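In order, the protein sequences belong to chains A and B.
Letter by letter, the first sequence follows residues 1 to 322 in this note's numbering.
Letter by letter, the second sequence follows residues 323 to 762 in this note's numbering.
Certain hints may be false.
[What the hints assert, rightly or not] Think about it this way: if two alpha-carbon atoms lie no more than 20 Å apart in a straight line, the pair counts; the simulated PhoX-like pairs of lysine-lysine are: (1) A:Lys127 to B:Lys632; (2) A:Lys85 to A:Lys75; (3) B:Lys369 to A:Lys212; (4) B:Lys637 to A:Lys312; (5) B:Lys340 to B:Lys329; (6) A:Lys104 to A:Lys119; (7) B:Lys629 to A:Lys127; (8) A:Lys119 to A:Lys100; (9) B:Lys623 to B:Lys410; (10) B:Lys410 to B:Lys525; (11) B:Lys329 to B:Lys629; (12) A:Lys318 to B:Lys637; (13) A:Lys190 to A:Lys157; (14) A:Lys308 to A:Lys100; (15) A:Lys213 to B:Lys369; (16) B:Lys369 to A:Lys190; (17) B:Lys596 to B:Lys585; (18) A:Lys47 to A:Lys108; (19) B:Lys519 to B:Lys410; (20) B:Lys739 to B:Lys501; (21) A:Lys318 to A:Lys308.
[Said to hold, decoys possible] What the simulated footprint calls covered on chain B by chain A, stretch by stretch (three residues with Cβ under 8 Å from a Cβ of chain A suffice, anywhere in the stretch; the number is not a length): (22) 361–375; (23) 541–552.
I should point out that these hints are in silico values taken from the structure, not numbers from a laboratory.
Keep in mind the model is a prediction, meaning the values are calculated, not measured.
Beta carbons: idealized from backbone N, C-alpha and C, even for Gly.
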Amino acid sequence: MAKNEKSKNISRRNFLGTGFLLGAGAITAGGVVLAAGNAIPEISGKKIKLLTQDGKIIEVDETAVLDAEQNLSEKEIRDGIPGRKFVMVVDLSKCKNVRKCISKCQEKHGLQPDQEFMKVLLMQDDKNSAPYWFPKPCYHCDQPACVKVCPVDATYKRHDGIVLIDNERCVGCKFCVAGCPYSARIFHWKEVELPIELANRKYSSETSVPAKKGTVSKCDFCPDQSRQGKLPHCVTACPMGVIYFGDMNEDTVTNGDETIRFTDIIRDRAGYRYLADLGTAPLVYYLPPVNRQFPFESGLESVTDEVKERYKNTEYMKSKKE
Amino acid sequence: MEYDSSKLMREFAPQIEKTSKSWYLVFATLLAFFLFGIFGLYTQITKGHVVTGMRDNVVWGVYIVNFIFFMGMSYAGALISGILYLFKSSWRGPVIRMAELITIISLFIGPVFILFCIGRLDRLYYLILFPRIQSPITWDVIAISTDLIGCIIFLYLSFIEDFAKLRDYKELQLPKWRKRLYKYLALGYQETPWQYKIISHTKNIMAAMVIAIAIIVYSVLAWIFGVTLQPGWHSTIFGPYFVIAAVYSGTGMLIVVMWIFRKVYKLEEYITEKHFVNVGVLLLILAAFFGYFTFSDYLTKWYGSIKMDKVLIDKLFTSEYYYMFIASNYLGVLVPIIVVGIKKFRTITNITIAGLITVVSLWFNRYLIVVPTLETPYFPIQDVRSEWLSYSVTWVEMSLILAGISVFCMLFMLASKFVPIISISEMEKHTGETRGLMRD
Ligand code: SF4
Ligand code: SF4
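Make a model of the complete structure from these sequences and hints.
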């Protein structure tokens, strides 16, 4: 795949330099973070680069941007990060059900083991076709079925493509859960138990933390990370580099190790969106599980019995038993 | 038969004046169920919705089923009383009040069930504070509140004449405050020709409006499901299908209520086999319609067999929901048709049984619409916990269903102590109309 090689040439640093720091620059445009007067905690000594409003690259101490999301206004959160159009590409040929994306996401969002924003499903389109592992976050649809039905505007679509939930507005009618065709949403059925440092955080739709009993949550594409120029937790947690995240406006996506052109990879690898015929226009693309880097069965080796149990109703597991 | 109001008053006054021991006994039992439901609700509010059988896939359970069910019955009452009134059916007299009571009572109970399903009751007013008109729930809020107001006005109008009669009936043995209450509620109605004209006019207009509003309310309710993309719900037929199902279940309920009151208050003279047969024929027609809608909905899904539709249909037709499907969609359609359709089966008891079967099977019909679809999402549910895979009712939900049913009965019992269970003014008018006919 020559094209693929070529796209790798856009180095990661380059991408982060022009791209993701823009996000942080945009925060300065919003006039929120870099104010020296803000009580900045300890200076960590670690410098990071930022792009200012007038296009200069400056270095600041890391701690200056840490609490960015906590100072955003309601409107800034609802509008999204200016100039962005986030997109995710999942390379199914690389996934071997390591489930690190799930555990990292759960840890960062204070989820219980039975609550998953990201799921890894065992998929098999029919009994003659090959099984494959299928990571599934919220698709942040451009025509989101969930947003349409919300009676109180608690779930909304932002200009940067992300669909978020405001759990201080949500009345818990669960219509969005019933309406989402991709089973992306979870409901908090009981009092939420959180580690103390998460529980004490000020709530923000961008972090989905802390969750509240009687409201809904789902994968949020970690916009708080993007605001700091970082990648979503699932992307960085995956040791296989399955998940790519990036910006359609810049036409680049990265899994942390390699940065590639979004349009190229979609064209060359026949990228597609799952169940796109429902008209929801998802922002998550899949690269088909061809030329796999691991045999499918390896996905069952490292997982616990509890996880294996989950797949017991699939055609694949049933046929294996026979 | 001719009725005049003093005879009727004499006949019906005891129903209001005297309350038997067994009445209290039944009422106390129902109250106990109700309190049990309150306890269930308390558990649910303090512990959260985990105490129900609902989980992330099946997020709506029997609460929504009950919501649709009671709203459906209320609609039926409105439609039946509206139509009977508008078309001046000669036999409406003894049954119209019961239909009206079904309407108003279930209209109060239905929406309460949807509240049980809401995670944050403390934020309920957000629905009015931050409404989004795109959401079918907002349509529902608007439609149901309009319906509630419309029905209350319509029913109040049809009660005024009886309130006036109760006020004027001197021998009525009731405490002073009750009499004063009737006087107050009668709004100074004296049956002057002018007053009579106004009240009949308004009632005609309201009857027509209530029918229209009720169609809208019930369609909106159906669209909550219809507008989603879920297999089994995404159907264009749902609006009219729900409307028919609603009238159908309500008609069944009317028959059951007629039978109970006829027994309890010894109304054999007024509610005769003719009434049962007439309402029964209505039930038969609706059964045919309902069967037809059910058939065409499932036929198109089964014949086309889109992948997910097929999975759902298989669950309904051949596996998990096989018996429930037979009970609700075969028996619920065929029994009323056979019982009323074949002359020799057409007895009061049989028709009542058919009515009861209709009510129960329609409840299951709603269950089969709500739950299996939620258990059949596009993505496979891969989970170890069985309660996550399929839905089953818990004691909390059970307690609230029972509470709903007992409130329905209790309100009926209370209503029967407050107004004559047979509309006296309608009976009189009916006499007047037939007399008029005979003279012509
Ligand atoms: S995947 Fe579901 S929850 Fe996510 S945006 Fe689409 S419809 Fe909404
Ligand atoms: S559960 Fe919350 S976010 Fe979902 S539709 Fe209802 S109010 Fe909106």
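Verification of the hints:
1. A:Lys127 to B:Lys632: Measuring from Cα to Cα gives roughly 16 Å; hence the hint holds.
2. A:Lys85 to A:Lys75: holds, 18 Å
3. B:Lys369 to A:Lys212: With Cα atoms ~13 Å apart, Lys369 (chain B) and Lys212 (chain A) stay inside 20 Å; holds.
4. B:Lys637 to A:Lys312: Distance of about 19 Å is within 20 Å: holds.
5. B:Lys340 to B:Lys329: Holds: Lys340 (chain B) and Lys329 (chain B) sit about 18 Å apart, inside 20 Å.
6. A:Lys104 to A:Lys119: With a Cα-Cα distance of about 12 Å, the restraint between Lys104 (chain A) and Lys119 (chain A) holds, given a limit of 20 Å.
7. B:Lys629 to A:Lys127: Holds - the C-alpha atoms of Lys127 (chain A) and Lys629 (chain B) are around 14 Å apart, at most 20 Å.
8. A:Lys119 to A:Lys100: holds, 11 Å
9. B:Lys623 to B:Lys410: The given pair, whose Cα atoms are some 41 Å apart, is violated under the 20 Å limit.
10. B:Lys410 to B:Lys525: Distance of about 12 Å is within 20 Å: holds.
11. B:Lys329 to B:Lys629: With a Cα-Cα distance of about 66 Å, the restraint between Lys329 (chain B) and Lys629 (chain B) is violated, given a limit of 20 Å.
12. A:Lys318 to B:Lys637: holds, 19 Å
13. A:Lys190 to A:Lys157: violated, 27 Å
14. A:Lys308 to A:Lys100: Answer holds: Lys308 (chain A) to Lys100 (chain A) is near 16 Å, not above 20 Å.
15. A:Lys213 to B:Lys369: holds, 10 Å
16. B:Lys369 to A:Lys190: holds, 6 Å
17. B:Lys596 to B:Lys585: holds, 16 Å
18. A:Lys47 to A:Lys108: This hinted pair is violated, its Cα atoms lying about 24 Å apart.
19. B:Lys519 to B:Lys410: The given pair, whose Cα atoms are some 16 Å apart, holds under the 20 Å limit.
20. B:Lys739 to B:Lys501: holds, 13 Å
21. A:Lys318 to A:Lys308: holds, 12 Å
22. 361–375: holds (count 4)
23. 541–552: holds (count 5)
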